[in-house]
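From first to last, the protein sequence lines are chains P and F.
To convert, note that position 59 of the first sequence is 58 in numbering that gives the first Met the number 0; the numbers rise steadily by one, no gaps.
To convert, note that position 57 of the second sequence is 56 in numbering that gives the first Met the number 0; the numbers rise steadily by one, no gaps.
No lab work stands behind these hints, which were simulated from the structure alone.
Treat the hints with caution; some may be incorrect.
[Stated by the list, open to error] Simulated restraints, written as ranges between beta carbons of each label pair:
no., chain 1, residue 1, chain 2, residue 2, range
1, F, 114, P, 4, 16 to 26 angstroms
2, F, 49, P, 14, 17 to 27 angstroms
3, F, 98, P, 108, 30 to 40 angstroms
4, P, 4, F, 24, 13 to 23 angstroms
5, P, 176, F, 80, 21 to 31 angstroms
6, P, 176, F, 95, 19 to 29 angstroms
7, F, 63, P, 148, 17 to 27 angstroms
8, F, 74, P, 172, 33 to 43 angstroms
9, P, 148, F, 49, 28 to 38 angstroms
10, F, 24, P, 148, 38 to 48 angstroms
11, P, 39, F, 71, 35 to 45 angstroms
[Stated by the list, open to error] Here are some chain P residues the structure puts well away from chain F; computed CB gaps all over 12 angstroms:
no., residue
12, 22
13, 58
14, 73
15, 78
16, 86
17, 153
18, 158
19, 165
20, 172
21, 203
22, 214
[What the hints assert, rightly or not] Some chain F residues well away from chain P (every beta-carbon gap over 10 angstroms; in silico):
no., residue
23, 40
24, 41
25, 44
26, 45
27, 50
28, 53
29, 64
30, 72
31, 77
32, 78
33, 79
34, 80
35, 91
36, 112
Positions of the beta carbon are idealized from the N, C-alpha and C atoms, including for glycine.
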Amino acid sequence: MSVITIERKVLEKNDEIAHQNRALLARHGILALNMVSSPGAGKTSILERMLERIKEHVPIAVIEGDVQTDLDARRVARYGVPAVQIVTRGGCHLEANLVRDALAGLALAGIKILIIENVGNLVCPSNYDLGEAFKVVVASTTEGDDKPMKYPAMFRNASVLIINKIDLLPYVASDIDALQSNALAINPALTVFRTSCTTGEGISAWCDWLLAKAGVRG
Amino acid sequence: MHELSIATNIAEIVERHIPAEPVVPVLRVAVRVGRLAGVVPDSLEFCFRAVTAGTRLDGAALDIESVPVTLMCGACGRTSVIDDIAFACPACASTGVVLQTGTELQVTEVEIADAPSGEHA
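Okay, chain P solo, but in the shape it has when bound:
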């Protein structure tokens, strides 16, 4: 019997491809976001409101990740932006190689912002670097204010928190301030926005912040 010491990161292959994706995006001067949330928090709706607001100001492309169907890419393509759908066929998260393949299907020249909408899941996507500049976690008021405590890794690894569906606050038991302070207890560095895709509230604040990050005037 012999023992071999290995000491390798389990996801080293993914991390290596993510690193290549990041280098490719940097060469094109593209700011890439990885949007994560539980299913139904409103990632695609936020994306639609964002596209309405900023597609005139900045060339933007979208990669959609879903377990099945290209419904989201079709929703996004209606706004006239390049969109590629990744169908994971059961996979519960996007991995860097899937994003690499999707990037190969996009004309990157001239694009300033790339939004990667991950599969709806608050657990697995936190482990997989895709090559993004930062993660945006969306939590909706209907999910309850304890989500950050239940899924700490996701909130810890994100740079931005968007609290969505604020128009529903009168009808739900969630305390939005508790939701925000629970998230900040996990990650004090989070930049927080509060939005409603129904009324449009908060969308401009988030978009202006993003455009400034990408070095574009809104």
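Chain F: place on chain P using the hints.
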């Protein structure tokens, strides 16, 4: 179920790091998993069995070393192990803490059987 993808990656890393010859069974694979890695040990074990069936790793023990979350406080300098995942120093309540451990997801070592006597020196 990202444990399936993780188990597949573990098996691939082991295959890459063991000698190709002689073909001997893998007896044990040791992995280190931080509490913040989002991995359910039972699911990982189950997936590891599934992806290694019929390979050299078939039947290998999967040793999962669970690593707690430890924080180093920038304000008071203390290092603490935390059970409740709140990122503040339990000693002085400062949120200026640096995560020391808890996100690990590594293959650490592997144990392989000896070559059958007489075949290899």
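Hint check:
Taking 16 to 26 angstroms as the suggested C-beta distance range, the pair residue 114/F and residue 4/P conforms, at roughly 20 angstroms. Checked against the given bound of 17 to 27 angstroms, the beta carbons of residue 49/F and residue 14/P, roughly 24 angstroms apart, stay inside it. A hinted range of 30 to 40 angstroms for the beta carbons of residue 98/F and residue 108/P is consistent with their spacing of about 38 angstroms. With their beta carbons about 19 angstroms apart, residue 4/P and residue 24/F fall inside the hinted range of 13 to 23 angstroms.
A beta carbon spacing of about 29 angstroms between residue 176/P and residue 80/F agrees with the range 21 to 31 angstroms that was offered as a hint. Under the hint 19 to 29 angstroms, the C-beta atoms of residue 176/P and residue 95/F, about 22 angstroms apart, fit the expected range. Taking 17 to 27 angstroms as the suggested C-beta distance range, the pair residue 63/F and residue 148/P conforms, at roughly 24 angstroms. Range check, residue 74/F to residue 172/P: Cβ separation about 35 angstroms, and the 33 to 43 angstroms hint holds.
For residue 148/P and residue 49/F, the hinted distance range of 28 to 38 angstroms is satisfied, since their beta carbons lie about 32 angstroms from each other. The given range of 38 to 48 angstroms is respected by residue 24/F and residue 148/P, whose C-beta atoms sit roughly 43 angstroms from each other. About 37 angstroms separates the C-beta atoms of residue 39/P and residue 71/F, a value consistent with the hinted range of 35 to 45 angstroms. Residue-level check passed: residue 22/P sits 22 angstroms from the nearest beta carbon of chain F, beyond 12 angstroms.
Taking the minimum C-beta to C-beta distance to chain F, about 33 angstroms, the non-interface status of residue 58/P holds against the 12 angstroms cut. With a minimum CB-CB distance of about 27 angstroms to chain F, residue 73/P clears the 12 angstroms threshold, and the non-interface call stands. With a cut of 12 angstroms on Cβ distances, residue 78/P stays outside the contact zone with chain F, its closest approach being about 31 angstroms. Remark: the non-interface label on residue 86/P is consistent with the geometry, its nearest Cβ contact in chain F lying 16 angstroms away (cut-off 12 angstroms).
Against the 12 angstroms criterion, residue 153/P falls within the reach of chain F, whose nearest CB is about 8 angstroms from its own CB. No beta-carbon of chain F is positioned within 12 angstroms of the beta-carbon of residue 158/P; the least distance is around 15 angstroms. Listed as a non-interface residue, residue 165/P keeps its Cβ farther than 12 angstroms from every Cβ of chain F; the least gap is roughly 25 angstroms. Residue-level check passed: residue 172/P sits 22 angstroms from the nearest beta carbon of chain F, beyond 12 angstroms.
For residue 203/P, the condition that its CB be more than 12 angstroms from all CB atoms of chain F holds, with the nearest at approximately 29 angstroms. With a closest Cβ-Cβ approach of about 30 angstroms to chain F, residue 214/P is found to remain outside the 12 angstroms limit, as its non-interface label requires. Taking the minimum C-beta to C-beta distance to chain P, about 14 angstroms, the non-interface status of residue 40/F holds against the 10 angstroms cut. For residue 41/F, the non-interface assignment is confirmed: its Cβ lies about 15 angstroms from the closest Cβ of chain P, beyond the 10 angstroms cut-off.
Separation of residue 44/F from chain P is adequate, the least Cβ-Cβ distance of about 14 angstroms exceeding the 10 angstroms criterion. In this structure residue 45/F is separated from chain P by more than 10 angstroms, as the shortest Cβ-Cβ distance comes to about 15 angstroms. Separation of residue 50/F from chain P is adequate, the least Cβ-Cβ distance of about 13 angstroms exceeding the 10 angstroms criterion. With 10 angstroms as the threshold on Cβ separation, the claim that residue 53/F sits away from chain P holds: the shortest Cβ distance comes to roughly 22 angstroms.
With a minimum CB-CB distance of about 12 angstroms to chain P, residue 64/F clears the 10 angstroms threshold, and the non-interface call stands. In this structure residue 72/F is separated from chain P by more than 10 angstroms, as the shortest Cβ-Cβ distance comes to about 13 angstroms. With a closest Cβ-Cβ approach of about 18 angstroms to chain P, residue 77/F is found to remain outside the 10 angstroms limit, as its non-interface label requires. The Cβ of residue 78/F sits about 18 angstroms from the closest Cβ of chain P, beyond the 10 angstroms cut-off, so the non-interface label holds.
The Cβ of residue 79/F sits about 15 angstroms from the closest Cβ of chain P, beyond the 10 angstroms cut-off, so the non-interface label holds. Its beta-carbon lying about 15 angstroms from the closest one in chain P, residue 80/F satisfies the requirement of being farther than 10 angstroms from that chain. In this structure residue 91/F is separated from chain P by more than 10 angstroms, as the shortest Cβ-Cβ distance comes to about 15 angstroms. Separation of residue 112/F from chain P is inadequate, the least Cβ-Cβ distance of about 6 angstroms not exceeding the 10 angstroms criterion.
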